[in-house]
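Hey, can you work out the whole structure from these sequences and the hints?
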Amino acid sequence: MTRNLTQAVALAACVVAPLVVALAVLGGIGSFATLRHLAEPWFGPQAWIIPIGIDLGILALLAWDLLMEFADLPWPVLHWIAWAFITATVILNIAAAHGNPIAGLMHAAMPVLFVTVIEGIRHLIRRWVGLATGTRRERVPLSRWLLAPVSSFMLWRRMVLWNVTSYPRGLQLEYLHLEAVSALHQAHGRWLWRWKAPLSERTAVRLQLAGAAFPTPQIPQQQDSDDQLIQAAQAIVARAEQRGVRLSQMDLAAQLRAQGHRIANERLRWLATAIGLRREPV
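One point on numbering: in UniProt numbering, the residue at position 70 of the sequence shown is 70, and numbering is uninterrupted.
Please keep in mind that the hints were generated in silico from the structure rather than gathered at the bench.
Don't be surprised by glycine CBs; every beta carbon is placed ideally from N, CA and C.
Any given hint could turn out to be false.
[To be verified] FRET-style restraints, in silico, Cβ to Cβ:
#1 Ile102 <-> Ala33: 14 to 20 Å
#2 Leu192 <-> Gly244: 18 to 24 Å
#3 Arg126 <-> Ala33: 33 to 39 Å
#4 Arg206 <-> Ala235: 26 to 32 Å
#5 Val150 <-> Leu192: 29 to 35 Å
#6 Pro74 <-> Ala109: 27 to 33 Å
#7 Ile29 <-> Pro168: 48 to 54 Å
#8 Ile81 <-> Ala47: 33 to 39 Å
Quick look at the structure:
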């Protein structure tokens with residue numbers, strides 16, 4: 001599949017490249033006479049240097065800009081200067097029409113077509129390089145924005161804040177966040193959990209997201225056995241009840257890990273059910 005796609009892209013590039021070159025040559029020829037005529041009062045016989053210099057400069061800037069994009073080292077100054085010269089060329093060609101809208105449109109058509117093609121190539125290179133290197137953030141689909149604008153904005157915001165480039169990965173983090181927050185809703189109330197929940201629980205939600213967004217390679221270690229976890233958890237809960245303190249799942253996990261036990265976040269619910277840990281009533 002990948003090989004066929006690469007061959008298709010190479011074939012399309014072989015077809016598009018000559019067309020782009022032909023478009024650039026025709027555009028240069030079309031504006032050459034106009035710019036030379038405008039430059040003759042100041043440059044005389046050397047007026048031909050102006051249109052050729054401008055066209056070659058635009059091509060050089062655009063080629064350099066595309067090369068920098070391909071190398072994933074974009075420098076926006078190249079793009080801005082090329083656009084400035086193209087805009088100046090279009091304005092000069094339209095001015096040469098002396099107010100005739102049809103003539104102005106014909107003068108501007110070729111540069112606009114050339115710019116559109118170059119921008120399409122530039123966009124393709126940026127997307128391809130970004131997806132290949134994992135630095136291009138995938139967009140939240142428009143259909144999701146229309147059906148759920150608020151949650152889509154929160155998803156997009158979390159992808160930006162946590163530098164998540166993959167949309168499916170962003171969905172996983174969103175679901176993980178909703179699961180953690182729903183537990184705080186049940187324990188402390190839908191709106192009051194931000195103030196009533198202990199700082200350790202609120203921090204644990206962010207740390208859980210950070211651990212999921214930036215997984216760090218660890219030395220493989222065997223999980224504690226179920227019996228060891230249950231015994232240690234029962235002892236922690238018993239001590240807490242003697243002090244009149246009711247623990248949450250996150251508090252239990254924090255104390256287990258402080259004692260050197262290893263337990264994954266997805267096993268917390270199982271452990272809480274196994275020892276009969278009850279949540280605080282809302």
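> Which numbered hints are broken by the structure, listed smallest first?
Replying inline: 5 and 8
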